[in-house]
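Novice: Sequence:
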Amino acid sequence: MDDNKDKLNCKKINVAYAEDQLWFRDSVVELLIQNGFEISIVAQDGDEMIRLLEKADGSPDIFLTDLRMPKMHGFELIRQILKRWPDSKVVMLTSDVETFYVDEARKAGAVAFLHKIIDHKNIVDALREIYDTGTTSHGKL
1 MDDNKDKLNC KKINVAYAED QLWFRDSVVE LLIQNGFEIS IVAQDGDEMI RLLEKADGSP
61 DIFLTDLRMP KMHGFELIRQ ILKRWPDSKV VMLTSDVETF YVDEARKAGA VAFLHKIIDH
121 KNIVDALREI YDTGTTSHGK L
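Under UniProt numbering, the sequence shown has 37 at position 37, and the numbering climbs by one with no breaks.
Straight-line Cα separation of at most 25 Å, DMTMM-like style, residue types lysine to aspartate or glutamate; simulated pairs: (1) K116 x E48; (2) K11 x D132; (3) K83 x D47; (4) K12 x E38; (5) K121 x E30; (6) K71 x D20; (7) K116 x E104; (8) K12 x D57; (9) K121 x D20; (10) K107 x E129; (11) K121 x E98; (12) K11 x D125; (13) K11 x D87.
Calculated directly from the structure, the hints in this document are not laboratory data.
Full structure from sequences and hints, please.
Specialist: Pasting the structure below:
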């Protein structure tokens, strides 16, 4: 079966994304939309993400966040999301991949830790796998 038919047969996975680097944020959003994802919220930092989530109707299937952002960093955003929406699947997508950051993301409640320098197909596959199983073989955690 070709990729386009596969995309049409899949449920649209709803993603909320917080990332302060505009060019990277836009490229990930475009990648996800092209691969059949629905992007419900796009924020430039954790503080904006929480404000937009509080106004939203329903909760996204997956939260995707960077680590280093102004106003509220990724670890605090993960804690705030899970405090308000405890069954959420939160994924950290960052360039900071040292063991300390992976451990802190795990402690905060992230289900996956993906490096920004990852093949586009792996981002898509990881998010689909997380949606289906709650975990992924891509990245760390």
